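**Q** Just so you know, the protein sequences line up as chains Y and W, in that order.
Mind the numbering: the first sequence is residues 1 to 196 in our numbering, read in order.
Mind the numbering: the second sequence is residues 1 to 232 in our numbering, read in order.
You may find that some hints are simply not true.
[Stated by the list, open to error] Interface residues of chain Y toward chain W, partial, derived using beta-carbon atoms under 7 Å:
{"no.": "1", "residue": "Thr7"}
{"no.": "2", "residue": "Gln10"}
{"no.": "3", "residue": "Val12"}
{"no.": "4", "residue": "Phe15"}
{"no.": "5", "residue": "Gly58"}
{"no.": "6", "residue": "Val60"}
{"no.": "7", "residue": "Leu82"}
{"no.": "8", "residue": "Leu126"}
{"no.": "9", "residue": "Arg129"}
{"no.": "10", "residue": "Gly130"}
{"no.": "11", "residue": "Asp142"}
{"no.": "12", "residue": "Glu144"}
{"no.": "13", "residue": "Lys195"}
[Claimed, not checked] Calculated lysine-lysine pairs in the DSBU-like style (CA-CA distance at most 35 Å, straight line):
{"no.": "14", "chain 1": "Y", "residue 1": "Lys3", "chain 2": "W", "residue 2": "Lys31"}
{"no.": "15", "chain 1": "Y", "residue 1": "Lys167", "chain 2": "W", "residue 2": "Lys41"}
{"no.": "16", "chain 1": "W", "residue 1": "Lys108", "chain 2": "Y", "residue 2": "Lys59"}
{"no.": "17", "chain 1": "Y", "residue 1": "Lys145", "chain 2": "W", "residue 2": "Lys41"}
{"no.": "18", "chain 1": "Y", "residue 1": "Lys167", "chain 2": "W", "residue 2": "Lys7"}
{"no.": "19", "chain 1": "W", "residue 1": "Lys108", "chain 2": "Y", "residue 2": "Lys84"}
FYI, nobody ran anything at the bench for these hints, they're computed from the structure.
Just so we're clear, the structure is a prediction, and the values are computed from it rather than from any experiment.
Glycine is no exception: its CB is placed at the ideal position from the N, C-alpha and C atoms.
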Amino acid sequence: MEKLRETPSQTVGPFFAYGLTAVQYSYDYTSIADDRLVDLSTDGNRIIITGCVYDGQGKVVPDAMIELWQVDGSGQYRTTPLEKDRENFIGFGRLGTGTQAGCQFCFTTVKPGALDGQSPHINVILFMRGSLLHLYTRIYFDDEKSNEKDPLLNSVPSERRHTLIAKQSSRNGNTEYKFDIYMQGDKETVFFDVKN
Amino acid sequence: MTNKMEKTDYNVHPPHLCEGYKSTIFRSPTKPLVPVASMLKDITMPAFGESVIRQWDNDLTKNGRRNGEPIGERIKMSGRVTDQFNRPLQNVLVEVWQANSAGRYIHKAEIHDAPIDPNFLGAGRMLTDNEGRYSFYTIKPGAYPWGNHHNAWRPNHIHFSVIGRQFEQRLVTQMYFPGDPLFEFDPIFQSVPKHARELLIAKFRMDWTEPEFAVAYEFNIVMSGANKTPFE
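All chains should be modelled from the sequences, with the hints used to inform the complete structure.
**A** Right, dumping it as structure tokens:
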């Protein structure tokens, strides 16, 4: 049979919050995901991922939406469906950048394990007004030696690899990694083409 | 019928930079996307259980009621979510959000001078069934102005978000209504290659229209899956 054409992408627009991230933005509706990718019972090293999205003029983007999807501490993706009472390892997160000071995003998770010879990483999907087609990127960690052998990192021009590596810091005793996303300029984040 | 001599153009997505839509100018990447080896694409996306869907989440005429019914034209939206080989995507999450019948979003940053409907939230979600079908009732959204250029108006539309099975099957889009006079003036709609714009327009379905209740539209969603044939 003849292959169908895909449905074209359109921007998420400026007004997604009450539908996609309602609880975070205090709308009277539920959310299917938020800033928390784990609960208190989840095994692994608890970490916080923070950052901002910057546009081509260096301004923080106040209306982006970020989704994270990652393996657990032992390197496994969650395979059971996500339910309303998101319990144990969730692995999927979603936040808008419009509610925290400085338009930061801040996710709580565990450090992902290694998977199939890849260095620990978190998949990122980025949406915003002004983006007609969502963008894929990845968070790697600056304290992982295995980054040097990661096949995807190695496919990125060496001078741009740093844009994918989150930097560790410590805040209030928590391990925090900072991952800023730059849409344009010298520090333009590497985005991946997963469709072709 | 498709003319067999004519090659189907599978390039349906808008470019990242589309100068007519001004917000893309400083928000689109300037460097080419880095290709990903096929093994790294085989990531299964999260699945969602029935418990994330509440009663009336598939009925936007009911899930925002406070003291009465929302105002406007009640419609029924239905369709299938499939891959490019017309295979249903079962149990995938479809999220929708939209303006009310006056063209006003409930979003707090929205400043358009049109009334908020106290009985309409404008957001819903559902899981597809075994045939990949989804369906919901809503109120037909109105057109609204935006600041992109002088006298800029968005055509009536409903936003859709679908989380498919594979990493590449993530879609956020907007569905439009047939015959909208604003199509030719809207840079967001126009950002899609000309041949593919029809894929964003719902079809009016008299045969699905519910007598004395709701006019029906069909909007089918086809998710990426270009490199996999049904026989692999």
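**Q** Now tell me, hint by hint, if it's right for this structure.
**A** Comparing the hints with the structure gives:
For Y/Thr7, the suggested interface contact is upheld, since its CB lies about 5 Å from the closest CB of chain W, less than 7 Å. Interface restraint check for Y/Gln10: the shortest CB-CB distance to chain W comes to about 4 Å, inside 7 Å, so the restraint holds. About 5 Å separates the beta-carbon of Y/Val12 from the nearest beta-carbon of chain W, less than 7 Å, and the hint is met. Here the hint on Y/Phe15 is kept, as its CB sits about 4 Å from the closest CB of chain W, short of 7 Å.
With its C-beta approaching chain W no nearer than about 9 Å, Y/Gly58 sits outside the 7 Å limit, and its interface hint is violated. For Y/Val60, the interface hint is violated, since its Cβ never comes within 7 Å of a Cβ in chain W; the closest pair sits about 12 Å apart. Checking Y/Leu82 against chain W by beta carbon gives a least distance of about 5 Å; that is within 7 Å, so the hint holds. With 7 Å as the threshold, the beta carbon of Y/Leu126 stays out of range of chain W, its nearest partner Cβ sitting at about 10 Å, so the hint is violated.
At about 5 Å, the closest approach between the beta carbon of Y/Arg129 and any beta carbon in chain W falls short of 7 Å, and the interface hint on this residue holds. Residue-level restraint check for Y/Gly130 holds (minimum Cβ-Cβ distance to chain W is 3 Å; threshold 7 Å). Below 7 Å, beta-carbon pairs count as interface contacts, and Y/Asp142 has none with chain W, the closest being about 20 Å; its hint is therefore violated. With 7 Å as the threshold, the beta carbon of Y/Glu144 stays out of range of chain W, its nearest partner Cβ sitting at about 17 Å, so the hint is violated.
With its C-beta approaching chain W no nearer than about 5 Å, Y/Lys195 sits inside the 7 Å limit, and its interface hint holds. Between the alpha carbons of Y/Lys3 and W/Lys31 the distance comes to roughly 30 Å, so the proposed pair stays at or under 35 Å and holds. Taken as a hint, the Y/Lys167 and W/Lys41 pair is honoured in the structure, with Cα atoms around 25 Å apart against an allowance of 35 Å. For the hint linking W/Lys108 to Y/Lys59, the alpha-carbon distance of about 21 Å falls within 35 Å, and the restraint holds.
At roughly 23 Å between alpha-carbon atoms, Y/Lys145 and W/Lys41 fall within 35 Å of each other, so this suggested pair holds. Pair hint Y/Lys167 plus W/Lys7 does not hold up; C-alpha atoms about 48 Å apart against a cutoff of 35 Å. Between the alpha carbons of W/Lys108 and Y/Lys84 the distance comes to roughly 26 Å, so the proposed pair stays at or under 35 Å and holds.
Comparing the model with each numbered hint stated earlier shows that hints 5, 6, 8, 11, 12 and 18 do not hold.
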